[in-house]
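Next come the chains, spelled out residue by residue.
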Amino acid sequence: MSLPKILTAHTHLPGIETFDVYRKNGGYTAVEKAIQTMTPDEVVEEVKKSGVRGRGGAGFPMGMKWSFLAKPEGVPRYLVCNADESEPGTFKDHWLMKTIPHLLIEGMIVSSYALGANASYIYVRGELMYVVRILEKAIAEAKAAGFLGKNILGSGYDLELYVQPGGGAYICGEETALLESLEGKRGNPRNKPPFPAVKGLYQCPTVVNNVESISTTSWIVNNGGDAYAAIGIGRSTGTKLISASGHLKKPGVYEIPLGLPVQEFIYSDEWCGGIRDGHHLKAVVAGGSSVPILPAAMLLKTANGEDRLMSYESLADGGFATGTMMGSGGFIAMDETTCIVRNTWNFSRFYHHESCGQCSPCREGTGWMEKVLHRIEHGHGSMHDIDLLVDVAKKIEGNTICPLGDAAAWPIASAIRHFRDEFEWHITNPQEATRPGAVFKGHMELV
Amino acid sequence: MLETKPRIEFTPERLERAKEIITHYPEGRQKSALLPLLHLLQEQEGWTPAEGMDYIAELLGIQPIEVYEVATFYTMYHLEPVGKHVIEYCRTGPCMLMGGEEVYAHLKQKIGAQDGETSADKLFTIKPVECLAACGWGPCFQIREKYYTHLTIEKVDEIIDELKK
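So the protein lines, in turn, are chains F and U.
Under the numbering used here, residues 1 to 447 are what the first sequence spells out, in order.
Under the numbering used here, residues 1001 to 1165 are what the second sequence spells out, in order.
These are calculated hints, taken from the structure and not from any lab test.
Please note that a few of the clues may not be correct.
[Stated by the list, open to error] Residues from chain F that face chain U, not an exhaustive set, calculated with beta carbons under 10 Å:
#	residue
1	Pro72
2	Pro76
3	Ser86
4	Gly89
5	Glu127
6	Met129
7	Val163
8	Leu182
9	Arg186
10	Asn188
11	Ala244
12	Val253
13	Ile332
14	Phe347
15	Phe440
We put the CB at the ideal spot given by N, CA and C, even for glycine.
Kindly produce the complete structure, drawing on both the sequences and the hints.
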């Protein structure tokens, strides 16, 4: 079967990170087509037709987001690329930018043209400073070739593109915190509304899109929105980059057509090649550390007993009680050697560390949850602690300015929902449970 | 008598770079250059001393407190002097699943420093990082913009021994 490749068609080519090789393989034709033959509105229309949903995690339709952009006279508009990828389990944007930086640069030019932006920014997480250097080099190459700067391709359209390194804060992946950071401030999320489309960077209309989302726009311009929508399934159109990690035979970044059965993604040699030798799948976090964890059997089948698919709808099938989310596409597989309690504590430590401290439920709650999980994991918990965790998670969820509170709560609530016996075992068998490498094997359902 | 510390300024090359960075933003929005300039300061000094932050405040025409509050919010700015090599290791879930805890315990033992500490020979500072976005290639750490992936105890020994030379 010939699988569609939209983002990875050329990533195997030596030298594809350079302008010359990228250009020889069809690079920058989308800029030529958009700027020379299409109006900005026509580009927006193609993106709307494609049905592509934001690939950062929220999955909001990208064309719709673009169409919300306010266009007051005499006020600049901005496009900001969210390249602050920091969610445990997610590394596809990192891989994409270092492997084929011009794909993002070309997407930024096409998207900026569509939105009427004359200055655009790529906000890269500061830890990826080597990627910042790669992007800066690619921008200089594109500018030297006339695809950036004043009067691009003689069209009269001007665009300057800049790379901004962050300072190391996961919260800056939240779009309004990112804008605060880009303005040289602490990354505290803003209250919404107003949304960035109305008042974003410097209080001007702004679109914030993720790396993978922006990188798809060149293909959509070249091939049409309908061609993109023909790939995938239902409202999950196109392809998706999946960051596969954990106990898989072949972890890595894969471009899949949306709608691929989860079973096939995990076990087929085309993709992850199955679970490492001698082991079986126990649980999966399907969309980055913030989404609910699922036991293996529930991951492979929906609430109705159908094969679960790698799509926004199928992964969420049955809601959070039985489903999970596509999220950022960070697919973390865990075999039977994994201690769910330790893993949950590890994730909770992450969210406690990364809470910006602006809202009390998140600032206090994430620390509280980490502390309770730490004592359970280290053999000092009580049965009351499990209910306490559920209670605190409920009180954080939905009660914070930004979704970090939800992101901190969901992994804990879902781990207790599906693996409560494992938490109880830690409490009732502290000496056994705290032994290095100890794992509860009671009601473990392996696949 | 009050102790006065020497003023810190960018080298001419870095000052040029700083001025260029400031042009990335619209008139009156030069504060946007703050994070990149703090990176530039750290690149030059090895850490972000207060005297350097005061200098950046002057360059950007903002109050020193505006620089301090930003530098203390983000984890990448070293507010104290660090060793020659800062080892930023990823301690989050996917790296842990791949044996990160054991590898990092060995790393700390080998250089003789715990999280946040600098080794006695001032060569290494250990710093845990909450995810380095290299989950499929873990366990991993970063030293001076270079990623070291698929770490094992043997690989850690090789890297550290090489850096000690």
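Tested hints:
1. Pro72: violated, 16 Å
2. Pro76: holds, 7 Å
3. Ser86: holds, 6 Å
4. Gly89: holds, 5 Å
5. Glu127: holds, 6 Å
6. Met129: holds, 5 Å
7. Val163: Interface hint status for Val163 (chain F): holds (9 Å vs cutoff 10 Å).
8. Leu182: Given a least distance of 6 Å, the restraint on Leu182 (chain F) holds.
9. Arg186: holds, 4 Å
10. Asn188: Holds: closest Cβ of chain U sits about 9 Å from Asn188 (chain F), inside 10 Å.
11. Ala244: It holds, given that the least Cβ distance between Ala244 (chain F) and chain U is near 6 Å, below 10 Å.
12. Val253: holds, 7 Å
13. Ile332: Hint on Ile332 (chain F): holds, closest Cβ of chain U at ~6 Å, below 10 Å.
14. Phe347: OK, holds: Phe347 (chain F) within 10 Å of chain U, min 6 Å.
15. Phe440: Hint on Phe440 (chain F): violated, closest Cβ of chain U at ~16 Å, above 10 Å.
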